[in-house]
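Since the structure of chain A is provided, determine the placement of chain B on it from the hints.
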Amino acid sequence: MGRTNIRFLSHNILDKTDVTTTYSSQDANLPGDNIKDDLRTKVWRTTGKNAEWVQFASVKRLVCSCFAIANTNLSGNADIIVRGDDDPANLVDNPPVAPAYEETFKAYETIIGFGEGGFGEHGFGGVLLPEEMPLYITIIRYFSEILETIPGIPPAQGPGGSSELTGGLGGGPILTGGMGGELIGGTPDTYESTGRYERIYKAWRIKFVDPSNTNAYLDFGKIFIGPYFEPATGFAFNWDMVFVDPSQTEYSLGGQALSDIMTPYNICNLGFNKLVEWEIFYNFRRLVQEFGTHKDFFINLIPDTAKYRILTALYGRFVENRNSFKNYSNGLYSCKIPFRESV
Amino acid sequence: MALTFDQFLRLPKSIKYFLFDLTGWNGASSTTFRVSNLAKILNGYYYEPRVKGIPSFSRVMQLWKFVSSQTSFGNLLIANGDGQFDSMHNWIMEGRNFSCIVGGGISGNELVDGDYTLVLKGIMEKPEYSDNQIIIPIRDYSERLKKNLPNSFYTTAADMPQETIGSPIPLCFGTVKNIKPVLIDDFTMTYQVHEGRINDVPAVYDDGSIFTSYTKDLTNGKFTLTAAPVGGLDRVTCDVQGYHNGAKFLTKPGEILSRIATTYTDLVAGDLDAASFTQLDVGRPYDVGVYIRDQRTVFSVFDDMLMGILADWGFTRAGKLQVLAFELPGAYTEQYDDYEMIKFRELKNILPAVYHRFSIRYKQDWSDDGKTLQEVREDPTILVNYADAEEKEINTYLVNQADAQAVGDKFLLIFDGTHYVLEFTIKIRAFVHNLMETIRISRSRYSMANKDFRIIGINENYTNNKITLTCFGG
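As they're listed, the protein sequences go chains A and B. In case it helps, the numbering used here puts the first sequence at residues 1 to 343. In case it helps, the numbering used here puts the second sequence at residues 1 to 474.
Treat the hints with caution; some may be incorrect.
[Said to hold, decoys possible] Result set (EDC-like, lysine to aspartate or glutamate): computed pairs, CA atoms no more than 20 Å apart in a straight line:
#	chain 1	residue 1	chain 2	residue 2
1	B	Lys-13	A	Asp-260
2	A	Lys-60	A	Asp-15
3	B	Lys-343	A	Asp-260
Derived from the structure by calculation, the hints contain no laboratory data.
So here's chain A without its partners, still in its complex pose (with noise of 0.2 Å):
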């Protein structure tokens, strides 16, 4: 973590065709495979809010390590609890095996960090309270990092007998450890730092708890999960988000002020430098022949902290219909791809 500053969420295991899904309810009119839309405002809707669910199967093991849901009405008390296993008869509740991945998630993270801020802003460590939720934004979480344990040294014990790797202000865990959150090797710490995030299985289910939610419905626009593609080599990375409006005024004759009002969006102007050869060939150009201009996709600028992700999880899609790719020195090149949010 904290070396880049961006993530594609391109590659989503929804798209795949051997992949079956399956929805714990679905409103007749708003189904279930309206996640499987570009279009983020047209949603799965459930009939419920306390435990809905949808769950991605295949004969082959997919890897994923993160998910991102873009237009849904989870409230700020919402959760959502990450499963995957080989067999999908162990993603259920109370199953007759536990999974071999299970993470749960808050819906929405701090946005203002513990210690910044003005007094009594928003909730306990920062959390938005539920009057400050915007419904209908997108959703970015990450996979925790896979550890490994260094066996004999026993877990250090925090007040009453529990982990401290547990118990966050934020309600999240604290790693101890470097700066950036990294655990640092050969301490005597139970578990180690692999560096890795992907879990690989033939099954998945997210589930979403939201009993608080003021709706009787959960709505979910465009769903991803799979693997995230981060640029990785010492290159140089800038942006600027632009925020247009396209709303039109016209004055009277007699100077009022006349406004149709069209729904905002953002252009990210992505600018990169310093990018090695398989990135640009493998990651980049796969993008652009991929996605292009007629195609929708997550980024995540600023991934490595949560506080802002409410901010830079943009779903949309490229701008230009044409991109370069320049061969910035020996071995290296850059890039600028304009990428427009879809509203």
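Same frame as chain A, now just chain B:
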């Protein structure tokens, strides 16, 4: 805060959702395609934001050209570059229903879903499919008035004259003079004047002379001679008080046209702006009569009856058949000034001609090539002011001289040259105004403070949200 629909239409800035329901038919079942300019879930249905071009609405009265008004909607443009709507090609869209619901507001001040309102309703024409888009022309329901009437025909019966077999069964509404009834039995000397119940056959003529030897079958619109006419069976004519609905003999234009529209077209009572038909009979309380022996369109009956009494017909935005009497400005319902207008001009090119004399033709002789009586109404002062003022003959279905006089006076008032036509554009109040509604205009220029006008033309472009009203009065 929740808005009312009227408040929403007055907002100087707002976001507007146009939600379209397009009904397709495959010969056995129907389906509804839902598209919109902005994504919206309404009543549990998703409206996909594929609309690139929103149909407009235009309805313009052209009474001074002595033709009926025209209603047009323009085209609906649906983006389909991704082929997601290719399946529409498998459905019959032409002739099927199109409707548009509107709502919106501004953040924190929006219409609730239940207050989204149907504003446009019409018929689709055959779509044009291309790689990137689908173009669906929209039109009003006026095609449905192009049905012919009468729409029942005589079939072979005992003693029916050969020339009667296969001919239409006549229709008669209101009071008509000296019509030629249809001889349906030359043995019993029975004639028919209307398919169904009539009010009376007050007089029968034998080659122009009063003939009293006949019996009436009012329930079936028939009468039978009880003695042979001197002039022969084909020289018999009669006066008739036509269609009777069981409770009432219909004599006024609104009630007769309402009956014709709901009986001889696909329209049902709910498709009519019933209040407008009632109001027509208040504004034009004149007796009219029409005898329909040979086939003609409902469209033409509406045109001919209404033009003669300075009235018009057409379809509203919501697809309702409406009739309107042309009047000088009355009590205004809305006021506009420079604060709302983004464009203003007086129109010289559509000013009506000035007339100083009208000859109103009434009491048509239905057996003698339309021979009529005439009532001449004129105003010499108009000639003083406008030396080139013209004169005009007006054909009507009127029955009485007093009514012809009243109509002639109305024509003189409208066409006396003292009124003018103006046009202005606003960006609020779409879907609100109707033709013949009185509004007040206030401008500091051209002596136009607090002047009242009747709306005679509406052109609403929803893509750029510009409403242009053409008005008559001043």
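Verification of the supplied hints:
Between Lys-13(B) and Asp-260(A) the alpha-carbon distance is near 6 Å, which keeps this suggested pair within the 20 Å criterion. The hinted pair formed by Lys-60(A) and Asp-15(A) meets the criterion: a straight-line CA distance of about 14 Å does not exceed 20 Å. The straight-line distance between the Cα atoms of Lys-343(B) and Asp-260(A) is roughly 17 Å, inside the 20 Å bound, and the hint therefore holds.
The structure fails none of the hints (numbered hints given earlier).
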